[in-house]
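Q: Below, each chain spelled out in residue letters.
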Amino acid sequence: METTSERFRESVAAAIRDDELKGAMSKLTSALRPKRASAVAGLPEFDQLRDHGIAIKMHTLDHMDTYLARFEDNVIANGGHVHWCADEASARQTILDLCRQHNVRTVTKGKSMVTEELGLNAFLDSHGILPLETDLGEYIIQLRGEHPSHIIAPATHLQREQIADTFRKSHAHLDADRAMDTAESLTEEARQELREKYGAADAGITGANFMIAETGSTIIVTNEGNGDLTQTLAKVHIVVASLEKIIPTMDDAGVFLRLLARSATGQDMSVYTTLSSGPRRAGDLDGPDAFHVVLVDNGRSAMLGGSEREMLRCIRCSACLNHCPVYASIGGHAYGWVYSGPMGKVLTPSLTGLDKAKDLPNASSFCGKCQEVCPMRIPLPKLMRNLRVKQTEMKMTSWRQRILLFLWSSLASRPALYRFVTGAMTKILAGLAGRKGVFRWLPLTGGWTKMRDLPAPEGGGFFARYDASRKENN
Amino acid sequence: MAASDRTLIFDRLRKAGEGRIKAPHPGRATPPKMGSLSGKKKIDRFVEQASQQYATVDTLSSLDDLPRYLTKWLRRQNLPQEVVIAPILEHLDWQDTKSVTTRTGAATTADMVGVSMAYGAAAETGTVMMISGEQTPTTLNFVPDVEIIVLSKKDISAGMEGCWDQLRAYKDKTGQMPRAVNYITGPSRTADVEATMVLGAHGPRRLHLLLIDEASPWRKNR
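Those sequence lines, one after another, are chains Z and F.
Residues in the first sequence are numbered consecutively from 175, following my numbering.
Residues in the second sequence are numbered consecutively from 9, following my numbering.
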């Protein structure tokens with residue numbers, strides 16, 4: 175998929191002025207934050223399971239080649255096929271070739287973020303194959319020609335009225351006066367529209383939340399059931415998954431499943447968790463005739479040997495998005511690529527190149543909430559800081575920023591000068607601000623003072639206070 | 009092209025791992041307390057959790073009672089007296105009920121009510137485990153509006169660990185995993201519109217679970 179992360183600043187400026195977006199985002203965070211908190215509180219062993227899950231991931235990342243090879247052997251033993259794709263172009267071509275091999279004209283799709291990376295829908299469309307998203311959120315944004323703004327709630331940037339408008343335009347064959355004012359009526363309308371599509375599709379494409387080496391099974395976790403209808407009713411099931419989804423055993427899956435739903439939606443267990451192990455067997459009355467797994471590297475092996483390795487532990491729960499004050503303010507689209515929120519700020523520069531997404535790791539207040547709620551305890555602030563260091567070292571930052579940093583470090587590394595300058599500045603600013611103690615305007619602070627007053631320093635700097643308190647104590 | 013991509017990926021993976029001290033596998037995790045219950049507490053937990061997830065749960069005195077039970081239940085729910093049943097339930101005396109019409113096999117979008125049999129369950133989360141195969145088609149779990157699942161209490165495990173063990177035993181006996189294993193916790197739902205939970209997204213709107221004391225036909229054949 176094309177990235178617009180280079181235009182992050184402009185996108186943010188537009189997003190924070192978008193009132194509809196603001197309303198939609200507050201609905202998401204106010205629903206999911208308390209749900210996660212109570213689900214986690216309901217499982218006393220949550221932190222132990224977290225540590226166990228991390229240990230499994232660390233082991234697996236150290237033995238990726240072994241487990242992927244074992245997975246491949248077992249998929250083949252189950253009667254399926256495995257296709258290895260080093261990059262985006264190879265993955266798209268492989269999927270297109272599979273579609274042609276099976277005479278596929280229409281495709282139903284379960285939710286998959288890696289196919290978003292590949293820009294698969296547009297690619298298939300341009301080759302005469304019609305892709306249809308079946309997850310409710312994905313269906314809505316496909317009708318609108320948009321991309322997901324959240325990894326598990328793709329249409330979370332929209333309000334009900336916007337969705338009703340989209341359905342009114344797209345479902346022109348339905349009664350124009352029908353009721354469309356509730357989440358229930360909109361869900362029901364999509365259900366009816368999609369119901370006959372699953373069985374009519376030549377192929378069903380799904381992602382995978384996990385792949386089990388022990389059994390050669392792929393796992394999808396959903397609440398709607400669309401993923402299962404997609405992969406059960408189509409003639410061919412194509413699973414597209416990135417390499418780091420591999421885990422060693424079924425028992426390991428049990429650990430991650432206990433963490434995933436609680437972190438994501440605050441459920442103890444999602445409604446549907448399905449293991450797929452190959453095509454229809456002799457005697458089976460349903461299921462796909464062919465089973466393909468398309469394994470996509472697209473930057474993962476490079477991350478494995480690099481400083482963003484820990485990011486490969488991510489299980490795509492979205493807890494970091496749901497708890498991020500930046501994400502809650504700007505929504506997912508401003509990030510400019512497939513992944514958003516804190517995990518996107520690390521993943522996007524790692525996968526698309528730091529030069530294309532250099533603003534992302536800088537857009538953080540480092541409050542640390544993302545790392546706190548991450549079931550895999552990925553040190554997201556540390557990884558963002560690494561990326562900041564990298565871009566400074568590679569001189570990607572602006573000349574203004576570099577000059578300011580140079581001045582700052584010259585000052586900060588000379589304690590006497592630092593105390594003198596900051597002490598003087600404090601007094602001058604306090605004096606300038608006068609009795610009100612705030613600035614309504616100050617050079618270089620326009621971004622702040624446009625919306626609110628800037629408080630002036632008061633009562634001296636840190637050292638002045640420190641010295642004063644020592645004197646008092648003595 | 010595919011073969012060279014495979015080589016390329018494995019080369020990269022091995023190179024990334026060079027010189028690293030490899031972390032050991034931490035072994036099987038200790039299941040949480042709520043996934044380690046036994047006896048009546050385990051069954052109660054299953055019922056409580058499944059109900060919390062919007063499934064309805066009832067008890068059958070025996071599997072043979074299913075046809076008569078369904079006649080009454082369907083009438084009470086104002087549902088048509090037509091069901092599609094899994095082949096594993098075909099041996100029951102469906103003629104006896106007179107009013108319920110049954111068809112045996114996979115489900116289609118024309119089917120309103122589907123009836124199938126669980127292979128296992130996890131009390132921890134109120135989850136039933138369904139396996140695909142000629143006895144229990146997968147479509148029964150997803151296509152009809154109403155899904156009815158019979159479950160033997162003997163097949164309820166405390167947590168997921170018991171289900172994995174069951175699958176491993178299945179694999180050891182038959183030489184492979186079932187094509188599909190569906191863990192199901194309540195009826196289909198979504199929260200994609202304004203984070204509001206709505207039941208019946210694409211899968212069944214209702215999930216009705218029927219517990220029996222006797223061993224399931226699965227266990228008799230195991």
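Simulated from the structure, these hints should not be mistaken for lab results.
Hints should not be assumed to be uniformly reliable.
What the hints assert, rightly or not - In the DSBU-like style, the derived pairs of lysine-lysine whose C-alpha atoms are separated by at most 35 Å in a straight line are: (1) Lys41/F with Lys201/Z; (2) Lys556/Z with Lys161/F; (3) Lys106/F with Lys209/Z; (4) Lys209/Z with Lys161/F; (5) Lys48/F with Lys543/Z; (6) Lys161/F with Lys543/Z; (7) Lys530/Z with Lys161/F; (8) Lys23/F with Lys564/Z; (9) Lys564/Z with Lys48/F; (10) Lys556/Z with Lys23/F; (11) Lys228/F with Lys106/F; (12) Lys23/F with Lys569/Z; (13) Lys30/F with Lys530/Z; (14) Lys543/Z with Lys106/F; (15) Lys409/Z with Lys228/F; (16) Lys543/Z with Lys624/Z.
To be verified - Computed footprint of chain Z on chain F; a stretch qualifies when at least three of its residues, placed anywhere within it, have a C-beta under 8 Å from a C-beta of chain Z: (17) 44-55; (18) 154-164; (19) 176-185; (20) 192-199; (21) 207-218.
We put the CB at the ideal spot given by N, CA and C, even for glycine.
Q: All hints, please: hold or fail.
A: Okay, the hints, checked on the actual structure:
1. Proposed proximity of Lys41/F and Lys201/Z is supported: the alpha carbons are some 34 Å apart, at most 35 Å.
2. The suggested pairing of Lys556/Z with Lys161/F is violated, with an alpha-carbon distance near 49 Å, which exceeds 35 Å.
3. For a cut-off of 35 Å, the pair hint linking Lys106/F to Lys209/Z is broken: about 47 Å separates their Cα positions.
4. For the hint linking Lys209/Z to Lys161/F, the alpha-carbon distance of about 31 Å falls within 35 Å, and the restraint holds.
5. Using a Cα cut-off of 35 Å, the hinted pair Lys48/F and Lys543/Z is violated, with the two alpha carbons roughly 41 Å apart.
6. Between the alpha carbons of Lys161/F and Lys543/Z the distance comes to roughly 43 Å, so the proposed pair goes past 35 Å and is violated.
7. Of the pairs offered as hints, the one joining Lys530/Z and Lys161/F is violated, with about 57 Å between alpha carbons and a cut-off of 35 Å exceeded.
8. About 22 Å separates the Cα atoms of Lys23/F and Lys564/Z, which keeps this hinted pair within 35 Å; it holds.
9. Between Lys564/Z and Lys48/F the CA atoms are separated by roughly 59 Å; this puts the pair beyond 35 Å, and the hint is violated.
10. At roughly 25 Å between alpha-carbon atoms, Lys556/Z and Lys23/F fall within 35 Å of each other, so this suggested pair holds.
11. At roughly 28 Å between alpha-carbon atoms, Lys228/F and Lys106/F fall within 35 Å of each other, so this suggested pair holds.
12. In summary, the hint linking Lys23/F to Lys569/Z is supported, as the alpha carbons are separated by about 28 Å, within the 35 Å threshold.
13. This hinted pair checks out: Lys30/F and Lys530/Z have alpha carbons roughly 33 Å apart, not beyond 35 Å.
14. Note on Lys543/Z and Lys106/F: the hinted pairing is violated, with a Cα-Cα distance of about 62 Å set against a maximum of 35 Å.
15. Between Lys409/Z and Lys228/F the alpha-carbon distance is near 33 Å, which keeps this suggested pair within the 35 Å criterion.
16. A hinted pair counts as satisfied when its Cα atoms are at most 35 Å apart, and Lys543/Z with Lys624/Z qualifies at roughly 28 Å.
17. Note: the stretch 44-55 of chain F has 0 residues with beta-carbon separation from chain Z under 8 Å; the three-residue rule is not met and the coverage is violated.
18. With 0 residues bearing a CB less than 8 Å from a CB of chain Z, the stretch 154-164 of chain F misses the requirement of three and the coverage assertion fails.
19. Under a criterion of three residues with beta carbons nearer than 8 Å to beta carbons of chain Z, the stated coverage of the stretch 176-185 of chain F is upheld, 4 such residues being counted.
20. With a cut-off of 8 Å between beta carbons, the stretch 192-199 of chain F has 8 residues touching chain Z; three or more are needed, and the interface restraint holds.
21. Counting residues of the stretch 207-218 of chain F whose beta-carbon sits less than 8 Å from any beta-carbon of chain Z gives 5, enough to reach three: the coverage restraint holds.
In summary, the numbered hints that this structure violates are 2, 3, 5, 6, 7, 9, 14, 17, 18.
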